[in-house]
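Visitor: Position chain B relative to chain A; hints supplied.
Protein chains in written order, with our numbering: chain A, 44 to 462; chain B, 44 to 462.
There could be a bad hint or two in this list.
Since the list can't tell identical chains apart, any single copy or any two copies may satisfy a pair.
The calculated DMTMM-like cross-link candidates involving lysine to aspartate or glutamate, where the alpha carbons are at most 25 angstroms apart (straight line), are [said to hold, decoys possible]:
no. : residue 1 : residue 2
1   : 459       : 285
2   : 197       : 233
3   : 116       : 233
4   : 90        : 100
5   : 356       : 334
6   : 197       : 54
7   : 184       : 93
8   : 116       : 237
9   : 116       : 245
10  : 197       : 258
11  : 116       : 352
12  : 197       : 334
13  : 116       : 131
14  : 356       : 245
15  : 159       : 131
16  : 116       : 235
No lab work stands behind these hints: they were computed from the structure.
2 protein chains.
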Amino acid sequence: MNAEILAVGSELLLGQITNTNAKFISNQLSELGINVFYHTVVGDNSKRLEEAISVAESRANLIIFSGGLGPTKDDLTKETIARHLGVDLVFDQVALTYIEEFFAKRGRSMTENNRKQALVLAGSEVLANHHGMAPGMILTKDNCTYILLPGPPKELEPMFQFEAKPKLGKMLNDGGVIVSHVMRFYGIGEAELEVRVQDILDTQTNPTVAPLAADGEVTLRVTAKAQSEDEAHQLIAAKVAEIRAIVGDYQYGINDDSLASKTVEMLQDNNLTIAAAESLTAGLFQSELAEIAGVGNVLIGGLVTYTEDAKVKQLGISQQLLDAHGIVSSECAAAMASAVRQKFGTSIGIGLTGAAGPTAHDHQPVGTVWIGIAIGDEEPITYLLHLSGMRNTNRLRAVKFTCHYLMQQLEARGYKKRI
Amino acid sequence: MNAEILAVGSELLLGQITNTNAKFISNQLSELGINVFYHTVVGDNSKRLEEAISVAESRANLIIFSGGLGPTKDDLTKETIARHLGVDLVFDQVALTYIEEFFAKRGRSMTENNRKQALVLAGSEVLANHHGMAPGMILTKDNCTYILLPGPPKELEPMFQFEAKPKLGKMLNDGGVIVSHVMRFYGIGEAELEVRVQDILDTQTNPTVAPLAADGEVTLRVTAKAQSEDEAHQLIAAKVAEIRAIVGDYQYGINDDSLASKTVEMLQDNNLTIAAAESLTAGLFQSELAEIAGVGNVLIGGLVTYTEDAKVKQLGISQQLLDAHGIVSSECAAAMASAVRQKFGTSIGIGLTGAAGPTAHDHQPVGTVWIGIAIGDEEPITYLLHLSGMRNTNRLRAVKFTCHYLMQQLEARGYKKRI
Chain A
44 MNAEILAVGS ELLLGQITNT NAKFISNQLS ELGINVFYHT VVGDNSKRLE EAISVAESRA
104 NLIIFSGGLG PTKDDLTKET IARHLGVDLV FDQVALTYIE EFFAKRGRSM TENNRKQALV
164 LAGSEVLANH HGMAPGMILT KDNCTYILLP GPPKELEPMF QFEAKPKLGK MLNDGGVIVS
224 HVMRFYGIGE AELEVRVQDI LDTQTNPTVA PLAADGEVTL RVTAKAQSED EAHQLIAAKV
284 AEIRAIVGDY QYGINDDSLA SKTVEMLQDN NLTIAAAESL TAGLFQSELA EIAGVGNVLI
344 GGLVTYTEDA KVKQLGISQQ LLDAHGIVSS ECAAAMASAV RQKFGTSIGI GLTGAAGPTA
404 HDHQPVGTVW IGIAIGDEEP ITYLLHLSGM RNTNRLRAVK FTCHYLMQQL EARGYKKRI
Chain B
44 MNAEILAVGS ELLLGQITNT NAKFISNQLS ELGINVFYHT VVGDNSKRLE EAISVAESRA
104 NLIIFSGGLG PTKDDLTKET IARHLGVDLV FDQVALTYIE EFFAKRGRSM TENNRKQALV
164 LAGSEVLANH HGMAPGMILT KDNCTYILLP GPPKELEPMF QFEAKPKLGK MLNDGGVIVS
224 HVMRFYGIGE AELEVRVQDI LDTQTNPTVA PLAADGEVTL RVTAKAQSED EAHQLIAAKV
284 AEIRAIVGDY QYGINDDSLA SKTVEMLQDN NLTIAAAESL TAGLFQSELA EIAGVGNVLI
344 GGLVTYTEDA KVKQLGISQQ LLDAHGIVSS ECAAAMASAV RQKFGTSIGI GLTGAAGPTA
404 HDHQPVGTVW IGIAIGDEEP ITYLLHLSGM RNTNRLRAVK FTCHYLMQQL EARGYKKRI
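Okay, chain A solo, but in the shape it has when bound:
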């Protein structure tokens, strides 16, 4: 199966938004082993859209459309496809009822153009939209499969993942299933990870194993084809165990996990609380943890001590220590971690200090970061990073490394960690 992704929307051509849908769908299709040879973007113009469909049909047998399913007169994707394929548009009763209820619940009257959203291509299978009003659809005609998805990513992503993808999997695998599992690693480079699992990469068939690196993290995507979900999960479990035996120390999570979400989860599971004293990151570590809903029972708070003076006056770090070792030092990071832990009465204290850039700080080159981790009454542990990115990349990396090292230290002390 060779796919083309065809996004419809003038706002893309005007540079007002980025085509993140194409990335999302491409990534999902690669899990299914479907080749994507082209992405195309065309505006809200029926003639040019139809030309783009003809071009796509000449080079793909799966065309996935995003956008143009809404209620306004600019939305003309399904109308154009209907005309192009010579099929009718018919009302889908389920979608229509859903739209009517949407308006009834809010006490608003439904305008006629909203009914239009319930029109679907005759003969298509309807894809439910649990995050908006316009349903999607999937239709196969003359050996080409057409999938129509709404434009907003929060509607498109779940619809593709949970409605369209299983159907594609069945089409591809003759009624079987395709299941993917993502292993997430930190603290190891892409090149080193690939070398260490080289034998597995070289001999992969089913499941397949695909590495991908982004934002300092590395993932391995394990994808199994089988006759049942159970069978696929068994194949995946066996391959995952093989991989873990080699590089399991670096794995922090799976699928949609993030370093921050896993850190919060581990603290919650073990009834631990945390506070942080931040210099170069200036609140970013705490803010990243606070992105996770329900963090309130583990993140008590902390301090941003951006200046030397604030470190002395607010945290009570001794001026002698700073004079002797400097602000960007192991001693300072350790003292910050201890001080904030005691001040906030938490199980764990974090201290972050360094030179984010663009210029050296405290005679330390850009990218030098010290992380201090104080666990209970133990002597704090410190880590030194030499980062090579721009100012804000360095700040974010420092936060990710903090999560990574903290989880490692907790695990080494027997605290339980879910994978």
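Guide: Then chain B, alone, in the frame of chain A:
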């Protein structure tokens, strides 16, 4: 001039990266008044690339390529175009010297494939790459203009903006220039802003005026065509003055400014220092200010007081106040702002408290936010927000509103602000 943007790179089709270059270039072309009718993405495959070029030539007379100019054998954009157009590739001496110096400076030996990067289409105008090794190029043949740009955004963006765009402007304007200026607004919705400047939008010719909304902010892009830069700037200045007379109260900056960068600039210009006490934002306000290099002389630090206990023990907010008014209240935000200002000895104190979501907090519905601003010894001012986004959108909006209201309050007290 009708343009197509043709991105080359298998990593795009695998869903490993997003095509942000297409958005950037489209946005830049819209400033020039150039229509973009299609974006296309094709992999590192010479045959499919050449087919995509033929399709593009049939529907555009300006084709802008991104990617495939690097040293590896996957990089084949210029080789494919050269063959397709029947032109030779020749070494550009300037680019070659630049690459040789790059390696010499780092004491590394240059491999042969790196020389390849200095090959350019014969007869093309070379576009210098100040952020990487591969030069870009621009060539017009048979009434079609081909622009080749490197793939990494940090190389492509400055090369397009400062090398390619002025040349396109001259081609379009018969030797004249096209200059754009972006006005940035906050605290006013897109719809309301458009209504208020409706007469200007309806009668625009030269300069043109185009509104755009994103992330809670609204911008107006003012673009003038003229025979000289001076003349263009005069046209823009007159139009900007007209717009400011109507909605100037909401303008916070221009071009690449952000609310955080303008806040830091205003604090620096007026020798003011700031500290913050954050609850729902949990360090995000301070972290956003710290994204700006050189913030160290204005951001002293602050506290994250995520729990009620931390507000009482670390900030010294009275338990009675919290019992009487709640954590998500004007009184709490004001007390947080005052307390952190006094604790850190700064000119300004900020207090942020609210219910970010996903569930109500302190009996206040999701999206309720109180901002407290304490300036000197004055009674703190507070603002109430009712935000409607998801948890982390709400947290970021709260930070942006804080910057906006702080600048307004400072301006009202006669502190100087640059636009």
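Visitor: Let me make sure I understand: some of the numbered hints might not hold for this structure. Which ones are they, in numerical order?
Guide: Violated: hints 11 and 14.
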